[in-house]
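Asker: Sequence:
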Amino acid sequence: MSDLIKVYKANKAQRKFRKWLFQCAILLSYIVVSQWALAQEELSKERKLKAAYLLNFTKYMSWPTDSGANNDFQLCIQSDQPFFEFMQALVARHNQGNNKMHIAIGHVQEEPLCHMAYFQSSVEQSLVQIRRAVVVLESTNVKQANSSIRFYTQEQRVRFEFDLAQLARVDVIASSELLKLARIAR
Numbered sequence: 001m002s003d004l005i006k007v008y009k010a011n012k013a014q015r016k017f018r019k020w021l022f023q024c025a026i027l028l029s030y031i032v033v034s035q036w037a038l039a040q041e042e043l044s045k046e047r048k049l050k051a052a053y054l055l056n057f058t059k060y061m062s063w064p065t066d067s068g069a070n071n072d073f074q075l076c077i078q079s080d081q082p083f084f085e086f087m088q089a090l091v092a093r094h095n096q097g098n099n100k101m102h103i104a105i106g107h108v109q110e111e112p113l114c115h116m117a118y119f120q121s122s123v124e125q126s127l128v129q130i131r132r133a134v135v136v137l138e139s140t141n142v143k144q145a146n147s148s149i150r151f152y153t154q155e156q157r158v159r160f161e162f163d164l165a166q167l168a169r170v171d172v173i174a175s176s177e178l179l180k181l182a183r184i185a186r
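Take 1 as the starting number for the sequence shown in the numbering used here and just add one per residue.
Worth flagging that the hints you see were computed from the coordinates, not collected in a lab. Don't take each hint at face value.
Stated by the list, open to error - Under the rule of at most 25 Å between Cα atoms (straight-line distance), these lysine-lysine pairs were calculated in the PhoX-like manner:
| id | residue 1 | residue 2 |
| --- | --- | --- |
| 1 | 45 | 180 |
| 2 | 59 | 180 |
| 3 | 100 | 143 |
| 4 | 59 | 45 |
| 5 | 100 | 180 |
| 6 | 48 | 100 |
| 7 | 143 | 48 |
| 8 | 143 | 45 |
| 9 | 48 | 180 |
| 10 | 59 | 48 |
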């Protein structure tokens, strides 16, 4: 009988531990979800739209075959954490779909090569990893050498401008459908 009591007490302790572990997991998931939701709320509608445009640019542009962009496309971001996390979520959703191109996302200064680089603010130093990248600027206030695309606001709407000469320098071709939506830099 004492063996039965020992087994019962051991099982009871295991059940208590599992219950405690389950409660910890629930609490941890609540914290993670609330932090993610908070990060999503911090991002304005305008910046979410820019993120969506950025991802869609990859669908309407062609990179040279020797760039490796057709296999593993590297999207590099230089921005605040909420924007980066939102882009991560968009890219993850993109990669789960039936898209031809797999996109990897990283920080501009941490990646050895970028096919497209997005800048929220100006960077003073020369970055080798963006030498052949399509450089996208969050606004006309951001200054970055060799920029190909700049977002701007007109009549409270997000618009973008293409520098076709710079796109030609990096051997990237934008589709005519995309160019119809853009202002062309002179």
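Asker: Look at each hint and say if it fits the structure.
Answerer: Results for each hint:
| no. | hint | in the structure |
| --- | --- | --- |
| 1 | 45 - 180 | holds, 23 Å |
| 2 | 59 - 180 | holds, 15 Å |
| 3 | 100 - 143 | violated, 32 Å |
| 4 | 59 - 45 | holds, 22 Å |
| 5 | 100 - 180 | holds, 23 Å |
| 6 | 48 - 100 | holds, 23 Å |
| 7 | 143 - 48 | holds, 21 Å |
| 8 | 143 - 45 | holds, 23 Å |
| 9 | 48 - 180 | holds, 22 Å |
| 10 | 59 - 48 | holds, 18 Å |
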